Amino acid sequence: MSSMLEREIIQQRGFRNVGEPTPTGFQVAVRCPYYRGIWASLLEDVELTVDGERYGASAIRWTLGGQTYESERLFSTREVRWPFDEPALLTVTRPGGLEPGLHEVAVSVTWRWSYIPVEMQPTTCRAQRALVLVR
Amino acid sequence: MSPRPTSPRPTLGVSLYSYGGDYLVTMTLEDCLADVADMGATDVEILSDTHIPGYPNPDPAWIDHWHSLLERYRLTPTCYSSWLDTRLYRDRGLEAAEAQAILLRDVELAHRLGFRIVRPKIGVVSLDLAPDPIWRETVLGVLPKAEELDVRIAPEIHAPTPIRSAVVEGYLELVRETGTDHFGLLIDTGIFQAAERTATHSDAVYVFGDPEPALRERVEREMRKPLAVDPRELADVLPYVVHVHAKFWEMTDMLTDPHIPYAEIVTVLLEGGYTGSLSSEYEGARDLYRASDMLRRQQTMLRTLLDRGGEDG
Chain H
0 MSSMLEREII QQRGFRNVGE PTPTGFQVAV RCPYYRGIWA SLLEDVELTV
50 DGERYGASAI RWTLGGQTYE SERLFSTREV RWPFDEPALL TVTRPGGLEP
100 GLHEVAVSVT WRWSYIPVEM QPTTCRAQRA LVLVR
Chain P
0 MSPRPTSPRP TLGVSLYSYG GDYLVTMTLE DCLADVADMG ATDVEILSDT
50 HIPGYPNPDP AWIDHWHSLL ERYRLTPTCY SSWLDTRLYR DRGLEAAEAQ
100 AILLRDVELA HRLGFRIVRP KIGVVSLDLA PDPIWRETVL GVLPKAEELD
150 VRIAPEIHAP TPIRSAVVEG YLELVRETGT DHFGLLIDTG IFQAAERTAT
200 HSDAVYVFGD PEPALRERVE REMRKPLAVD PRELADVLPY VVHVHAKFWE
250 MTDMLTDPHI PYAEIVTVLL EGGYTGSLSS EYEGARDLYR ASDMLRRQQT
300 MLRTLLDRGG EDG
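Quick note, the sequences are listed as chains H and P, same order.
Numbering follows numbering that gives the first Met the number 0, with no gaps: position 121 of the first sequence is 120.
Numbering follows numbering that gives the first Met the number 0, with no gaps: position 197 of the second sequence is 196.
Hints in this document: simulated from the structure, not taken from any laboratory.
Hints may be right or wrong, so weigh each one.
[Claimed, not checked] Non-contacting residues of chain P with respect to chain H, defined by C-beta distances greater than 12 Å in every case (computed):
(1) Glu107
(2) Lys144
(3) Glu168
[Claimed, not checked] Not everything, but these chain P residues come out facing chain H in the computed CB check (under 8 Å):
(4) Leu23
(5) Val123
(6) Val204
(7) Val206
(8) Phe207
All figures in this text were calculated on a predicted structure; none of them were measured in a lab.
Virtual Cβ for every residue (Gly too), placed ideally from N, Cα, C.
Let's have the full structure, built from the sequences with the hints guiding it.
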C-alpha cells in the first residue's frame, strides 16, 4: 500500500542535515512532478536552490528505492523508476549543513515527454516552498 | 420524453487521471474507487504508471487487493492507460523490439488486473502528432498475445489530431490489413472542443520546451484554441472505437460544459450503437476536492443526455 504525499512537489518531510556529528550536507524529498511515475532515464536535468544558493545536477545525488546515484549516472540507468508514490531524496554536500530554521527551497526538474512534439521538449517543472529545518 | 433504458448504450466510467491533484494527497486509491462508485459510474480506468504501486511489477498481494476493491465497489475495469516512451533513452530512440517488450508487459499486466483495453500513449515524431513509425511493428508483434488474452490495444486520438488524418488512417489500415478486432481507436473528446478554452488546464504547471516568456504565451494561447472537429465525423470511425475519454476542463453550475458539445457527441454515439465506456477525464485545475465535484457535474450531464437520447430528446 502506498503512503500519502504532501501536496507540494517539495516535501517538508525529509528535509534535514546529514552527517554526524558535524553535518556534511542536507537532504530534501521531492515527489515526481509528473502525473505519473517515470523511468529515471527520462530525466534530463535537476536544479536545487536553497536561500539563493544554486546546486546543479552535478552537485545533487538521488536516492530512489534505497539506492543512491549521481544525477548523470541516474539519467543513464535503464531499470530505475521514480515512482509516483515515492519522493526522491536529493542530497547535497554542504560542509556544516544548513542552520535550523526556515529556508526558501526551490527545485526544477526537467524530463522528456515522448508524446509531445520534440519542438516543445523537454518539459520542466519548477516548484518552491519555505521549509523548516529542525536539525 | 421517455428514457430508452432498454436499448444498448454507452456505460459511464471515470478515469482516475481525473483525481490528479487529490490522489495520494487527500484520497487513497480506495477513496478514488469509492468516489467513482458513489457517483453512480460503473467503469474505472487507471494509469499504469500512477495507480499501480510497484509498477511494472506489483506485489501479487496488491493485485488481490485490487480485485477485492473492484468487487467491493462493483466497478468494471475498462481501460489501462500506459505509455510507449519512445524517448526513453537520451542517446537514441526506442527500438521496436524494446517497445514490443513494454507493450507486451502492459497487456499482460492489464489482463491480470481485469482490464480489456490497453491504451499505449505512443511517442510522436511531428507537430501533428504522427506516431513514431515503430508503432506498427510494435503492435503487430503484441497482437497475438492481445488476442489470446482478449485485450484490445487502442492508441489515443487526441487534439491536435483530427479524425480525418493520416494518423487515424494509418491505424485503420492496420485493422483492415490484419482483420483484427483487438486493435482500435480511443477517442479523446477534446478533439470536438468548439469554444476557446477559458478554464485552467492541469498541465499549466509545466513549461514545454523553450521557457522564453513570449514563446510560452504563444504556446499557451495555441493550446486554448478549439480543434473543432465536427462530432458527426465520429460516425465514420465509430465501428473501430473501443473507448472514449469524456474530456473536460470545467463544468458550469448549470451542469453544462462550456467547451465540448456533448449533446452532439452523445447523439452520434447512440445513433452509431456505441456500447463502450464514456470515461470521464477531468483535466482542469488541480485544486483539492475539485475533481469529485466536477466529475459529478459531468456524470449528471452525460447521464441526462443518454437518458433522453442525445440532443433531440
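So, going through the hints one by one against the coordinates:
no., hint, result
1, Glu107, "18 Å, holds"
2, Lys144, "22 Å, holds"
3, Glu168, "19 Å, holds"
4, Leu23, "5 Å, holds"
5, Val123, "6 Å, holds"
6, Val204, "6 Å, holds"
7, Val206, "4 Å, holds"
8, Phe207, "4 Å, holds"
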